Amino acid sequence: MPLLEVKNLDVSFGLRSGEIKALRNINFTLERGERLGLVGESGAGKSVLGFSILNLIAKPGRISAGEIYFEGRNLAELSPEELRSVRGNRISMIFQDPMMTLNPVLTIGQQMIECLQAHRKINKDNARTIAVQKLKQVQIPSPETRIDQYPHELSGGMRQRVVIAIGLLMDPDIIIADEPTTALDVTIQAEIMELMVELCERNNVALILITHDLGVVSQVTQKALVMYAGRVIEQGPTREIINDAQHPYTQGLMNALPQMAIPGQRLNQIRGAMPGLQSIPTGCAFNPRCDYVVEACTKQLPGYTVSGNCQVACHMVADMKKAQQAPEEVSS
Amino acid sequence: MTDQTVKVSSKLEPSSEQQVASEQQASSETLVQIRGLYKKFNISGDFLDQLKFKGGKIVREQEFVHAINGVNLDIQKGEALCVVGESGCGKSTVARTVMGLITPTAGTISYRGERIDDLNDKQLLPYRKKMQMIFQNPYASLNPRMTIGQTLEEPVRLHNPDWSAQQVRDKVHEVMFSVGIDPSWGERFAHEFSGGQRQRISIARALAVDPEFIVADEPISALDVSIQAQVLNLLMDAQEKRNLTYLFITHDLAVVEHFGTRVAVMYLGTLCELATTKTLFAKPRHPYTQALMSAIPRLEDDRPPHIKLQGEVPTPVNLPSGCVFHGRCPYANERCKQEIPQLITTEEGGQVACHGVEEGRL
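Chain order of the listed sequences is R and B.
Residue 861 in our numbering sits at position 44 of the first sequence, and the numbers go up by one each step.
Residue 58 in our numbering sits at position 51 of the second sequence, and the numbers go up by one each step.
The set of hints was computed from the structure by calculation and includes no laboratory data.
Fair warning: there could be bad hints in the mix.
Cβ-to-Cβ under 7 Å is the rule here; a few derived chain R residues that face chain B [as the list claims (entries may be wrong)]: (1) S859; (2) D1002; (3) V1033; (4) A1078.
Far from chain R, by Cβ distances over 12 Å, these chain B residues were calculated [said to hold, decoys possible]: (5) G43; (6) V66; (7) Q143; (8) N325; (9) Y338.
Covered by chain R, according to a simulated footprint, are these stretches of chain B (three or more residues, beta-carbon under 8 Å) [said to hold, decoys possible]: (10) 236-247; (11) 294-305; (12) 312-323.
For clarity, every value in this text was computed on a predicted model and none was experimentally measured.
Here a beta-carbon is modelled for each residue, glycine too, at the ideal position from N, C-alpha and C.
Work the whole structure out from these sequences, hints included.
What follows is the structure, given as structure tokens:
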């Protein structure tokens, strides 16, 4: 049994103008110790998916269909009390902006001890010892003095390390990290990412990494989900997706990266922009921007085609595979 | 405070070899010339905040952020000069100082050989027509209460007071068309557009007065990957068609590799390496550039390991002595801690400010 299994998950937001589906029919599994990347542009629904695993979606949003199984329990059906025993305990979350996550009027130690005492019967001194040990794990220099400092006394990179340490406090099974390094500089990003991979491997923690950066996904994760307009359009082993993307959107995203183009030449752009959730085109949501579009694409929602170890939601995958194998025929 | 003023003025005297190097570089093609640029920001608040009680006496203390510490840079006509560095390294301050949005503490900025940093607003007006700026956040840089037609017409009318209303409208239509925004959308407000479209409008606003020099401060970092490519292509098209010169500020080295003609790497307000893009990416010389390049998340599996830097970027309030990078540099020695390195020309034709490279250790 996988550690986490998401089945046919739908999330919708009830607005005055009607209900908007932010996520449609999401399916994936996560094994113990596995690192999964959720990739996509803003508005694709990757953060909503990350939040919905812990049922953290704010009203008017709700999980309108589907199940989220974690250790055999359906998280979507748990009561708020039962959920609280899972949140921060078995599954913890790291958010994008460490300044917003940490309470500015409490010292780091107070916040860490509070978290430990909320989940376990433990006295202050023991909690403090664990907190110092976790700070040491995330390579904060002189943790014994740092623990009594306030968040504003630390730099951005240090703060994010503290947030990771808090995420690790209860030795969780899964960490969900929502763009954990987007607010940081590249050199700090590289250090934090290396640290997270190392900690996950050492403690056998599974990681769900939400990011828009394909480079980070390629470096950190083993499995990836590419999202577009609330749907998973491609999922499979990260290396396979990076080296041989099947879906035209994933290909486009990859080719749009400056490192894929010849310096000085134009980048390969995807025309247009992602549709808003109110105006998702019928059929495949990507069809107005796609170069391979056929009639079926504008009429029918594509199902998942298995290609290698990947699942791809595209009508044309089978045809494109054929075309790749015999490129001469296509050109003629 | 006096101590700091002395330090600044002593740094100001360029060494003789530096002067020679900069004169060699200044060809007839130089569009913008930055010499000995310093900028410090006073962060000590108002007069009463500056008074401190120390050793039984009330003393006045001031603190400064040393944002730029002696930058010399030439921007050649037709090139795209990229300035890269981490947050707080002073790259945006350089951009704003060049545009005259910030007055430098010391140093000069010349445009086509004429000094512009000491001009008043009225004298600057003709230069403003030639130099335009694109800002990072397209959500903040467009006036929410103006239609985009009004936003685009304003600079055209200001810089061409003798144009008729029809001429202004034609010009606005032309630039809107050239950036891929439907001219009939002129009645709409900024909030009706997506981030990518707003950035196109910002670019259109810069292009509307037919500038020859554009300063772009992180123009694509607020955008999604697929939109980044569109905007970057647009900037390259505009450069080709209008023969523009760019000063491009970014933290993204992958973009630099693709877009830039030359790259200037900044660290804590100083220039640590300046080279053509090809040279820099083929063989980065400065230890900081090497670390920065190894930190880019790459798609390939078999990339070289990331060079870890010790510690964090020091605050620009208390600058380290000597080479500003010495605290994090794996190759630092005694000389690095004391002496400020000057830019020297390497055999590849780039310039690097590092004692290690100069001594042949690196």
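- request: Verify the coverage statement for the segment 312-323 of chain B against chain R, using a C-beta to C-beta distance below 8 Å and requiring 3 or more qualifying residues.
  value: holds (count 5)
Report task. Tell me if S859 of chain R is really an interface residue toward chain B, meaning its C-beta lies closer than 7 Å to one of theirs. Result -> holds (6 Å)
Given as non-interface: Y338 of chain B, which should sit over 12 Å from chain R by C-beta: Check passes; 17 Å lies beyond 12 Å.
- Minimum Cβ distance from N325 of chain B to chain R greater than 12 Å, as the annotation requires: Non-interface label on N325 of chain B holds, nearest chain R Cβ at 15 Å vs cutoff 12 Å.
Q) At a threshold of 7 Å, is the proposed contact between V1033 of chain R and chain B supported by beta-carbon distances? A) Because about 5 Å separates V1033 of chain R from the closest Cβ in chain B, which is inside the 7 Å limit, the hint holds.
* Apply the coverage criterion to the segment 294-305 of chain B and chain R: a residue qualifies when its Cβ sits closer than 8 Å to a Cβ of the chain, and three qualifying residues are needed. => With 7 residues in contact (Cβ-Cβ under 8 Å with chain R), the coverage given for the segment 294-305 of chain B holds.
**OP:** Please confirm whether G43 of chain B is truly not at the interface, meaning its C-beta sits more than 12 Å away from all C-beta atoms of chain R.
**Re:** Answer for G43 of chain B: holds, closest chain R Cβ roughly 27 Å.
Open item on the list: Can you verify the interface hint for D1002 of chain R: is its Cβ closer than 7 Å to any Cβ in chain B?
Closed with: holds (4 Å)
Would the stated hint for A1078 of chain R survive a check requiring a Cβ distance to chain B of less than 7 Å? Since the shortest Cβ distance to chain B is 6 Å, the answer is holds.
Status of Q143 of chain B, Cβ more than 12 Å from any chain R Cβ: It holds; Q143 of chain B is separated from chain R by about 14 Å at its closest Cβ, greater than 12 Å.
Count residues of the segment 236-247 of chain B with a Cβ under 8 Å from any Cβ of chain R, then say if the count reaches three. holds (count 6)
Regarding the assertion that V66 of chain B does not contact chain R, is the least Cβ-Cβ distance greater than 12 Å? holds (25 Å)
Of the numbered hints stated above, none is contradicted by the structure.
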